[in-house]
Structure formats: structure tokens, C-alpha cells
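Undergrad: Sequence:
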Amino acid sequence: MITAERYLTLYGRFGGDRSRGLPVEATLEELSEALFCTTRNAKLILRRLEEEGLIDWLPGRGRGNRSRIAFKTDKETFLLELSQNRAEKGDYKQAFELLQSFGEGTLAKPKFLEWLNGQFGYRKEEARDGISASDTLRFPVYRPVTTFDPAHVNYAFDAHLVRQIYGRLLQFDDAAGKIAPSIAHYWTSNPEATEWTFYLRKGVRFHDGQELTTEDVAFTLERLRGEMHNRWLLRGVQQIEVLGPRVLRIHLNRPNRIFDRYMCSCAASILPANLGGMEETEFWRLPIGTGPFRIVSQSPHCIELAAHATYHEGRPYLDGVDVIIMPEDCLQTAVGMPEVLHHEFAENHPLEKHKENWQTIKQLCRGCTLLTWNLRRPGAHQSEAFRRAVRMILNTRDLVSELGGDRVMPAFGFRPEASQSRSVEPFRPERVKTALRESHYDGSVIRFTAHEKFREDAHWIVERLGQWGIHIEMKILTWAEAPGCGSPVHDEDLLIHGFVLAEDEVCEIEAYEHGDSVFKEYLDDELLDWINGRIDDALSADTVVCRRQHLKVIEEHLRDEASVIFLHHKELRTSLHPSIRGVSLNTLGWIDFKDIWLEKLV
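The numbering of the sequence shown is this note's numbering, which starts it at -11 and goes up by one.
FYI, nobody ran anything at the bench for these hints, they're computed from the structure. It should be emphasised that the depicted structure is a prediction, and the values quoted were computed from it without experimental measurement.
Beta-carbon label-pair distances, calculated as ranges:
#1 G367 x K421: 15 to 25 Å
#2 D162 x E270: 32 to 42 Å
#3 G431 x W103: 49 to 59 Å
#4 P47 x S120: 57 to 67 Å
#5 P414 x T269: 53 to 63 Å
#6 G521 x M266: 37 to 47 Å
#7 E229 x G393: 47 to 57 Å
#8 Q408 x F24: 52 to 62 Å
#9 Q408 x E461: 34 to 44 Å
#10 M266 x C290: 14 to 24 Å
Glycine included, every Cβ here is placed at the ideal spot set by N, Cα and C.
My request is simple: use the sequences and hints to build the entire structure.
TA: Now the structure itself:
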């Protein structure tokens, strides 16, 4: 690779618009200057380039005879093939860096993007030479996978993959609005909702062929009760009792009338007992579950899934799914390349135009974008009056209208349906001035943090607050640095982040209780204790209406005290090739791979 970069460096400096193979005069000193090395090393590099067949080097002999260099390979062709080679090996980051560094004045980048787009999408391979026909879906994502461990899962894409790999006791049928059987074919609870009994199906098998029993379920739940980020799911569990190979009873120390709904959560996905006899590190290299797909291989660049042939709910139509993990800092460089499967938000992907006959699915995201104050840090934001002033300054109607894109309406809470009937109050400068005076704001700096995906919102916020003399120091984070990725609490005062209600009220409770959540890290202990009490009231409520009311009290308290500032709701979009069938977005904003089938086009 170093040799190739040196060739491109010299070509960019000396090749110009000359035709391939025509020599150009260049002194050894000029060449060493371009390569940032000594003349001695420059000679070695030139010799290596000659050996590779990339250049002809004709050193000048005698007084007045200048040296000449001829470039034997066209720059655009060489750069394109080099970038393609890097991409085929999974090094997309270097491929884009090469195009960015050396592509000026060539068509290498648009040609590369056209080629790369052809690498993604559906692949329908006919049977030949004794190899069965196969249908595979291949698509890029611009985020790393944080974990495959259900006990730690937090982000939507991680949760989506967990759903594909593992099974759960129960599942929530979002279309029907009710809980449905899965690994458990039947379940009951006592009148007090403190004892829950689950009856398992026969013949549910892990990817390695072992049949699932209650021992696996008990192991999974006991493990989840340990020092796991998702242990909140089993808060209140007193005992897990195995009554037989297919009957399990769970005893609670307080009522939980939606415990069966808890068992639909991807965090409650079932693992093999004792991790199949493997150590933790070994198991998570290629984890096994009972889900519709199994992991064949994984690397920082690619996750390869294959259909689980004996999946208890029916084998998926797709034979495989390849998830290509693109470096997130390649996102802006990749302008012009469509995501052929999942297109989350407009600012996350620059392409807006797809072929006219492609399917486009739109759906209002079940969740919102919001700001959360770090109440564990001292500063101006400890004043409720200051937080209210910031909320008034950040007029969300202006934010949505000025930034547009997939921001479809201002948010007044977590749920878009609750925001649809509300309207933003007119901006009143006098009220802002009064709140700032009451807060005694002294001009101190507010440390504000945003992930790259919220960059546009963040700049708007900084500019708007700056108009009122509020000084903001902004930092943009990568995925690995973001709260909720196992990182320590950061030293920010304010964070912009997203919230997805994939499992409705269960996710709302998770937002407060997940061990790695923003709220858990930023809200003070007194407030968290109060929230836990309201959650206990919600779990023991006899009706959905009462339960929602208890949770609404928490949301309204956070909003009224401006501990959080709700910003907006977004629209999800997905564009797909017309041959892809069985498609709908799940509550995580992704497509369940098991439901997809490919129609052969004539």
C-alpha cells in the first residue's frame, strides 16, 4: 500500500495531464521533496516503483542532462482499482481516504461509488456445480456493532441484530397490539401478578442443534440478574424455579402486571446454559441462539449471517445476510452511494434520489430527539430557571422549519402521537430575559456534546443560544465515545441524543433503569429514586390507562423542570430494490430479515 500511495503522490506532483507513458523531467531533489525523504531513500523508492512496473526512471547522466520519469499506469484506473481492492478486503476507510487524497481531477470517486453500489443489495445465485441456489442480502451500515450480548444491548441496531440471532420466551405482535407465543407456547400468572409460569415448546433448537430447555432459560435469567446493564428487567425477581424441562416459574417480590411484556424484550433473549460450555470471550466471537439467523463470521468490517434451517417459526427465505460496517467518518465522503436496505434519516445519508421503480417505505419514528442535562455536574444548569430559559430559546418550531429534512414535527414528549395535538407557544423574549435574570447566569461556559449524526441540530442549538449570550463549548463524539457505549460519564453539561420506543412502555421504563442509559448517568440519585417509585406504581397498575398515567407523570416532571428538552420527531425511510418482498419496518426502524423474500425479475 505504501508503494501505491507513493506512486499516486508522484503522479499528482509530476504527472499532470500528460498521457500515460510520456516522460517528464524531474530532478532527484524534486522527487525527494515530494516524497518527504532523503535523495538516497528517493532512489530506493524509485527502484521499487520500477520493479513493480509502475514507472520508468531515466536518471540524467552528465552536465545539463535532467532526469526523467514516466508513469506507466493511468492515475484514474490505478486509483480506482486500488480503492476497489481495499474495499473487497473490508478496508472501506482506507478506500475512501485514497479517493479523498488522490482523486481530484479524476472520475475515480464516482466510478468507485457506482461499483460499490453494485456490491450491495440482493444477490440471487442460481444452482451450479452441485452448489445450491442462494438468496443473499448485502447492505452497509455506518456504525459499529457495540455488543451481541442481550444483557448489555442498548442501541437500536444492536437490538435489531439480537432479535435476528436469538429467541425470546414471548414476542410482541406490533400489528395486532398483543403478546404472542414464541419459545413459550403458553403462560399464566397468579391474580397478584407475582408468580409467572411459562410452558416451553418442544423442538426449539439452538444454532448448534441442541434443544432448548428450561435450564437454558433459568441460566439466562440468572445471568441477567447479575452485574448487567439490563438487569433492570428482572428487578423484583425473587426466585427462578425450574419445574421441569419445559415448565418454569418466576416469583416476584412485588406485582408486575406486564412481566410477560418484559419477556418480549430483546434483553431477555435466551442463551444456551453455561454458554454451551465456552468461556465468555470464546462464546461472543460466534454467539449462538435460537433465532432465524446464525452468525457465520464477524469482523470489524463485516457480519455474515446464515439462515437457521430448523428455526421453530419457519426457515427464513433468505439464505444469508451480509452486514458491511462502514467507518462512520466515511459517511460524508460517500456522497452518492445509496443504502439499499436501511435508510434511517436524511442527514445520516446524503442520497435522496433512487430509481423510480424502487420501493420507498416511510414511517414516523416511534421516539424523539431530545436534550438531557447532566444534573450530576455543577454549573449554571443546576438552576431550573436557566434550564427553562434554554428551553424557551430553543424554539422547536423554528428548529423543524429551518433544518427540515426528516424532522417532521416538534416534540412535547417521547411519543409522536402525543405531540401531534400540541402546538409550540409563541416566542416571548421578555420571559427569556426574566428566567435568565432569575438564574443569575454569569456567562460561564456550557459544555455541550453531540454524536456526529446530530451535528446539524447541534450547530443550530449553539448558534441560537449564542444569540442570547449563552456560551457553548461543543464536542462531537464517535459511537465509541458516546454515553450508552460502556464509556464513563463524560464531563459535559448537556447532551443531544435520540430515543426509540421500540417496545413502547417497556422501552420507556428501560430509558430510566438501563445501567448504561443517559438518564441513569445524568439524573441525580434523588430524582432516580423518585422515578423508580413511579415505575413500581406503574407495574402494579391494573389497567393500561393507569400504567400510562404513572409513566406520564415522570415524563411531565422531566419536561416541566426542563431536566430534558424535547426537540423533534423524525421520519424513517427505507429504499429497496423492487425485487425485495415481505418488507415492513419494525419498531426499531429496521427490516426483519426473516420476512424478506426475493422475487426473480424477468
